[in-house]
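Engineer: Dock chains B, C and D with the ligands against chain A, hints included.
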Amino acid sequence: MRRVYLDHAATTPVHPEVIAAMLPHFHNSFGNPSSIHSFGRESRQAVDEAREKVAKILGATAREIVFTSGGTEADNLAIQGVALAKKGQGRHIITSQIEHHAVLDACKYLETQGFAVTYLPVNAEGQVQIADVLAAIRPDTILITIMHANNETGALQPIREIGRLAKEHKITFHTDAVQAVGSIPVNVDDLGVDLLSLSAHKFYGPKGIGVLYIRSGTKLKPLYHGGGQERKLRPGTENHVGVIGLAKALELATTEMESKQAKVRALRDKLMGGLLAIPEVKLNGHPEERLPGNVNVSIRYVEGESLILSLDMQGVAVSSGSACTSGSLDPSHVLLAMGLSHGEAHGSLRLTLGQDNTEEDVDYVLGILPPIVLRLRQMSPLYHKR
Amino acid sequence: MRRVYLDHAATTPVHPEVIAAMLPHFHNSFGNPSSIHSFGRESRQAVDEAREKVAKILGATAREIVFTSGGTEADNLAIQGVALAKKGQGRHIITSQIEHHAVLDACKYLETQGFAVTYLPVNAEGQVQIADVLAAIRPDTILITIMHANNETGALQPIREIGRLAKEHKITFHTDAVQAVGSIPVNVDDLGVDLLSLSAHKFYGPKGIGVLYIRSGTKLKPLYHGGGQERKLRPGTENHVGVIGLAKALELATTEMESKQAKVRALRDKLMGGLLAIPEVKLNGHPEERLPGNVNVSIRYVEGESLILSLDMQGVAVSSGSACTSGSLDPSHVLLAMGLSHGEAHGSLRLTLGQDNTEEDVDYVLGILPPIVLRLRQMSPLYHKR
Amino acid sequence: MNSYNEKVMDHFKNPRNVGSMDDADGIGEVGNISCGDIMRIYIKVDGEERIADIKFQTFGCGAAIATSSMVTEMAKGKTLDEALVMNNKDVATSLEGLPPVKMHCSNLAADALHAAIKNYREQKLGHKDMSDAAEAHTH
Amino acid sequence: MNSYNEKVMDHFKNPRNVGSMDDADGIGEVGNISCGDIMRIYIKVDGEERIADIKFQTFGCGAAIATSSMVTEMAKGKTLDEALVMNNKDVATSLEGLPPVKMHCSNLAADALHAAIKNYREQKLGHKDMSDAAEAHTH
Ligand SMILES: Cc1ncc(COP(=O)(O)O)c(C=O)c1O
Ligand SMILES: Cc1ncc(COP(=O)(O)O)c(C=O)c1O
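Just so you know, the sequences run in chain order A, B, C and D.
Just so you know, we're using this note's numbering here: the first sequence kicks off at 1 and counts up by one.
Just so you know, we're using this note's numbering here: the second sequence kicks off at 1001 and counts up by one.
Just so you know, we're using this note's numbering here: the third sequence kicks off at 2001 and counts up by one.
Just so you know, we're using this note's numbering here: the fourth sequence kicks off at 3001 and counts up by one.
Honestly, the hints are just simulated from the structure, not real lab data.
Fair warning: this is a prediction, and the values are worked out from it, not measured in the lab.
Be careful, since some hints might not be right.
List of simulated lysine to aspartate or glutamate pairs, EDC-like, C-alpha gap at most 16 Å [as the list claims (entries may be wrong)]:
(1) B:Lys1385 x D:Asp3022
(2) C:Lys2076 x C:Asp2046
(3) D:Lys3013 x B:Asp1312
(4) D:Lys3078 x D:Asp3090
(5) A:Lys86 x A:Glu111
(6) D:Lys3078 x D:Glu3049
(7) C:Lys2013 x A:Asp312
(8) D:Lys3118 x D:Asp3090
(9) D:Lys3007 x D:Glu3096
(10) D:Lys3044 x D:Asp3022
(11) B:Lys1056 x B:Glu1251
(12) A:Lys385 x C:Asp2022
One chain only, chain A, in its complex shape (with noise of 0.2 Å):
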């Protein structure tokens, strides 16, 4: 059976390229990168490159970078960090309603320790608006943390003028670039922001390894204690495969890019004019400002589980906002926050593509969606009830 990936805004891949950089690293050049023999020196020189290769890439200097285990431990070391660091200045923190669980989260954890939180509503595209920034700010604000682009429907956010903003009021700026480092340009002067959070298995990286880009000045202080790695932010004895492995990965990922992502968004477009075509079926977030491979479609009358796995017995990989596929009964406080109804959120379906979708991919899941969607709406007591 033919099976065709559309969850790379789940993970990725690891690009062989990739794997080929890492491998040596395992058993060959091993050492404990704060060892100061040979083997050590080894990997710390790997390390130093790879920080180095990251800096450059993020327009950042490779004091600045902090390896963490994933876009979770980072965004949780900013939000929690800042506020300890700052908790003497201020108690209030602005976020949005789309965030990703691992910044609310963190912030509704905050608003137990004392900490108020604004969570910013966002309008029907799902972005976050800049009047409401502005008016969201409060003498005793220390902290913005609002994400690049979301994960669920690829919404692009001002970023650009959040940090203006956050500038001028001298407030601490995050942002979670997880879903947008890989896909498109990432600079943290051109951005403004003080912290950002990248994952490397979000653009053909490893698992369990990510950044923390700290603006050097930001106070921030480091959520556990040890053997001083990291300058002291994040330590542990340092995953160098993962770090060689997250850098070779950021490597490929931002060159040639615009080529690459050109790719995938024609592929995108077409796949989006095809699900767009069947009936009742409406595109959720932004029609142009979404990233390159995010497809988000609401498809009435049926729910979203259902057609997961139904495309699934068809080889095709593909998630949804569905309560239904989280184990909570509410379906995604993205959609929601949007002003989809829970029957338009239930029945959503987030189709993410990457570098190595084809055509012949998106021709086929058009190709089997349309029966699905029929056959599932034939089952539906509310498609008959319309």
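Structural biologist: Structure of chains B, C and D with the ligands alone, referenced to chain A:
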């Protein structure tokens, strides 16, 4: 040049069979374990199997295994997690002066948060005394955290006895078994621990992955927040490749452990004997109650970093408790806690053998070390003053 | 979500007794859109108060569809009293288990069946007419 | 620790002027055992107050040995006043740099040289005898 790696306590090369077990999951079975399509289910199954395997080896159940990014995170999650969960019941913690910095620094951090910590002394062999533990227990003691085997001297600690004491007094008991797991049998019920940390890279697994065992019923709060993975105790997309590697490495290390470790111990005893035959060299730590691969000696009149560098120039990788290897001014807190003088501590050398070391390796080291020691001694003003 | 077993997947792939009935003797509907599961069951009852025919329509996840399918198979030929004894747990057991998170939220098919039986009995007693009953949501 | 550059490693591998002097005109010692670095420098001074010969003994890390070696090379042939102008930073610069953590703790060789010169001058003035001077620790 011959290269002899005698720093297995710092880290180990990933076993070729472990690499082979991980490889297919980078690019083929790469799905996000939280995805419900077949790519995700394959990864979920691999993670579940790995978790079962680890649980079985430790004598635990799968639900009690939480994967972390390594030993440092496991230690911090255990210590800070219990402190957060139980601070209403008491704010006193018992640990020892010879813990790894991951434990010590987590405890020091908690001291800044209103907790009181007792740092137990050790005897001249580097072992915590059970009477000291008993004497330190207070009505408000919520946690005892004592390591299983010390990372510098390999000295084994009386974990079973402490476990019994902790149970009697209904105090949560954590052990940092990062050095023990893979070298000696570790069973959580046998030890009577509620929490146990381990790290794959110490037993021929990959870096950046570890486990916190959490006995069911143990109260613990997470340090960071997000997608709900690992029963919400350690969220973030699972590093499934790391998890698979950890489980495979643990399986390999514990299969025929006794015969493998007997071989290591025999080599170690030969090495130890040879080193102690050099004039004015003394053993640090307990002569028998130590990890099978560990030798730690103090070589009078010379300084550890110079020894490491000199050995490194001839291809031999070892480590030292000298301050000059850590960037701090004080030499190893472990050796000082054992009552060594600054001179002895600065002149310490740790040689830790692994499964791939051979008799030739030992002969080579015993051949090159005496002239190195002699040369450095002749350069040393202390040697001439003696 | 944990994955479904083969039996569940079989009922999801090939649901038994899908459809509606123009001349149903009883119709039951449970669930609501905000939870993401709506199940409607139609029954035809014979002279011995046995379920002679049964159909379902379901909007929902794999578990919702599979349990709906399963309950129709289990109910067919049973007397109404026998059918009323069956509960959601029995349905899950007949499917050889459901993932834990699905046990609560999508395992409502027996409730839908019970609602259909109730609707049938109420009609017989002349308390209600059918169109009303079909709207009676539980859950 | 970051790693040492080639020049440092060269001085560590082949230290210049190692040894002691029975007939030294001045001896200086700095450092102490608790810090892990002790450097002792012996000088022979000629009639023009130039350093005619110099030797060192060092207990310490790579940086301690390399800076000791370097300072002896730099000092040889210099007048005492010229030698007194040299500082620890100059020694590190001549070695083309040291890892940051070593700049403070193990970079004391110029101090040892200065101590030796001081010891020589004190002896000349008859203030102290040599055995005392050798014990005069700084740092
Ligand atoms: C926007 C966003 N933030 C954070 C994360 C968490 O990253 P990780 O899975 O590396 O912990 C993800 C992906 O899971 C994401 O999409
Ligand atoms: C005893 C002990 N505890 C904790 C750690 C930290 O583990 P990791 O390096 O995986 O963070 C180490 C090793 O570095 C160790 O030896």
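Engineer: Hints first: check each against the structure and report whether it holds.
Structural biologist: Status of each hint after checking the structure:
1. B:Lys1385 x D:Asp3022: With a Cα-Cα distance of about 13 Å, the restraint between Lys1385 of chain B and Asp3022 of chain D holds, given a limit of 16 Å.
2. C:Lys2076 x C:Asp2046: 11 Å, holds
3. D:Lys3013 x B:Asp1312: 11 Å, holds
4. D:Lys3078 x D:Asp3090: Distance of about 15 Å is within 16 Å: holds.
5. A:Lys86 x A:Glu111: 15 Å, holds
6. D:Lys3078 x D:Glu3049: Measuring from Cα to Cα gives roughly 9 Å; hence the hint holds.
7. C:Lys2013 x A:Asp312: Holds. Lys2013 of chain C to Asp312 of chain A sits at ~11 Å (cutoff 16 Å).
8. D:Lys3118 x D:Asp3090: 19 Å, violated
9. D:Lys3007 x D:Glu3096: 7 Å, holds
10. D:Lys3044 x D:Asp3022: 10 Å, holds
11. B:Lys1056 x B:Glu1251: 10 Å, holds
12. A:Lys385 x C:Asp2022: This hinted pair holds, its Cα atoms lying about 13 Å apart.
Comparing the model with each numbered hint stated earlier shows that hint 8 is the single one that does not hold.
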